[in-house]
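Enquirer: Below are the chains, spelled out letter by letter.
2 protein chains.
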Amino acid sequence: MNREHSVGLVHPRRQNFEESLTLECGRILPRFELVYETYGTLNEDRSNAVLVCHALSGHHHAAGFHEGEEKPGWWDVCIGPGKPIDTRHFFVVALNNLGGCHGSTGPSSPNPETGLCYGPDFPVVTVRDWIKTQALLADTLGITCWAAVIGGSLGGMQVLQWAIDFPNRLKHAIVIASAPKLSAQNIAFNEVARQAIISDPDFHDGRFYEYETYPRRGLILARMVGHITYLSDDAMRIKFGRDLRSGKFHFGFDAEFQVESYLRHQGETFSRYFDANTYLLMTRALDYFDPARETDDRLDLALANVQCSFFVVAFTTDWRFSPERSQEIVDALMASGKDVSSVIVDAPQGHDSFLLAVPRYMDLLQTYFGRIYEELIHAP
Amino acid sequence: MNREHSVGLVHPRRQNFEESLTLECGRILPRFELVYETYGTLNEDRSNAVLVCHALSGHHHAAGFHEGEEKPGWWDVCIGPGKPIDTRHFFVVALNNLGGCHGSTGPSSPNPETGLCYGPDFPVVTVRDWIKTQALLADTLGITCWAAVIGGSLGGMQVLQWAIDFPNRLKHAIVIASAPKLSAQNIAFNEVARQAIISDPDFHDGRFYEYETYPRRGLILARMVGHITYLSDDAMRIKFGRDLRSGKFHFGFDAEFQVESYLRHQGETFSRYFDANTYLLMTRALDYFDPARETDDRLDLALANVQCSFFVVAFTTDWRFSPERSQEIVDALMASGKDVSSVIVDAPQGHDSFLLAVPRYMDLLQTYFGRIYEELIHAP
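Here the protein sequences come in this chain order: A and B. Under this note's numbering, read the first sequence as residues 1 to 380, first letter to last. Under this note's numbering, read the second sequence as residues 1 to 380, first letter to last.
No wet-lab data here; the hints were simulated from the structure. One or more of the hints may lead you astray.
As the list makes no split between identical chains, a pair holds if one copy fits it or if it spans any two.
To be verified - Below, a list of computed lysine to aspartate or glutamate pairs in the EDC-like style, where the Cα atoms sit at most 16 Å apart:
1. K248 - E24
2. K248 - D296
3. K248 - D290
4. K248 - D297
5. K132 - D165
6. K132 - E18
7. K248 - E294
8. K171 - E375
9. K171 - D339
10. K132 - E19
11. K132 - E33
12. K338 - E328
13. K338 - D300
Every value quoted in this text rests on a predicted model; they were computed, and no experiment measured them.
Please model the entire structure based on the sequences and the hints provided.
Expert: In structure tokens form, the structure reads like this:
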């Protein structure tokens, strides 16, 4: 473990929100809690804060190490002293979204009305709801305007929503490996994952907590199918090809090809730590996200009030959210006369690239955040 | 229902094979039965026979109508009087492959040793095994050489194997929307489908027949994930887009988008008629198929003894077996000095195109079979 450029040991914090929250679905949460981490130091005029939005299975532990753990936060390659989001310059905030399963209030939290876990009674949350709660968190931290909001995949959608809903509360929006809305194929893959979970007898209509079990088989399948869409065909070919685990065919249905045992292992691991109801919520938030829905499918109109600068990054082999999907965002921003830079990074790893230390990608982020920092220190 | 260019009412036939069959896996079937249909008339010198090989979920009922049924055979658009495979000129044979669930001996057939269904005791069959049994069927019909062997997807793999294993028993090989072997991503999708079935508690280790149930949930998921790979992203966009069933969001997990209810319906229908053990066998036959495995990954060497002419067809939007995969077959045939024509048909429907009446595709097949017929009637 290389801790040289690490933010080191970190401790999650919790923020209670006692006021009730009206969600997009019309339902009201009487109170909620968000768990978050911060890295670096907030400057005197509170202008150097960067918000990191997580993707489907992410959480608040984005960088550094937790006591006793060997594995760093999920975006440790990107956040730390000397790294693209340089914690010597920026105050970085990463949270677990509402509805999550890593400490923020979600389906596995106790429902104050019953004392049991919310389970299926937890309301369906949307990207817009998340932005609302993230803004409340910013308020408690005294951050009126983010230097940047950044995220990949579902995280990138949150970035877009920030720019739309709170145009004066961010200077830069960095949207990575994302899309302005899901395609029918994207929704279809989500639906397979959801049906795998819902049809698992151990799901018990979402009340599995009360049965002291969880839909292990459904979660494994959901992760397996998700994982295929995160990797490119090429990445899979390079990583596994048609390699056999034992060098020969056994004419049965045990894992024979390397790719089979890899997927099973990924699914198995995931099923042990991820909440099934949260998985349903996160995929539904993805499905519903469609900022141009209220502007007659005109994304440029939906983005009309945007004030911040945009940086949009896509990866050549990403077939979940292809470069064409990023281009739709860029085109709409251009049509709306906004400040936008964009780049397509050549990387073989598919959608997963946004989480990896792809050198050119890291260089680009480093340069972009260097520019943000320059602006900061030269601000009047 | 348009029965004008139809072969009309058809009746499946059965052929018993009482001799034992040694399979590629080393196991021996003491006896087996194949169900098949024929359309058109075998000519005097038995030179006008065309074999149609089916894909994963296909069967022997390729054309015409069964008594009391409204739905024609699965390739009725292609087989009939005046159609591309013109039954006024050709004698067409379509069978259900060994291991199938439409009448040929398979996992749901009684095991003569126990009197119960074979279930998981049915041996894993390979494409090579199928070709062997298809050749035995040809023997009983007195067909020593096919005018053509044709098939799409997994059917195309059987065509390739015919040309390799029985080079003197076919004049033309027509390989549609196929590949010389599965990629890691292809295997990965198959593995998700298999795990969905195997992990369904109603699968009962493949002995569900004895419990008077079947892994309905697993089959639904398997078909859903399969179906996504059969359609192109474009086809899904055109067919469903992000259309909602009721015009608004309901903030729940019932089917809200059209694509969700379509997939559920597809899965549900499939689960009612397809045998789960057969699904496992068919996907494994796909995984294992790799004719170049014994020639050090040199497909041209594997095809060295081929005698027939090849026609290779791919579809632009097919991402399950992309045009690049067909090109690998064409390149190997060229490198091996064989007679090959090939075409990439522009069609938006993805892999499914091979089953559809895409006009240019139908025209090309009509022309190609016209050429085969010309050769036939001018043969010495």
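Enquirer: What hint numbers does the structure not satisfy?
Expert: Per hint list: zero violations.
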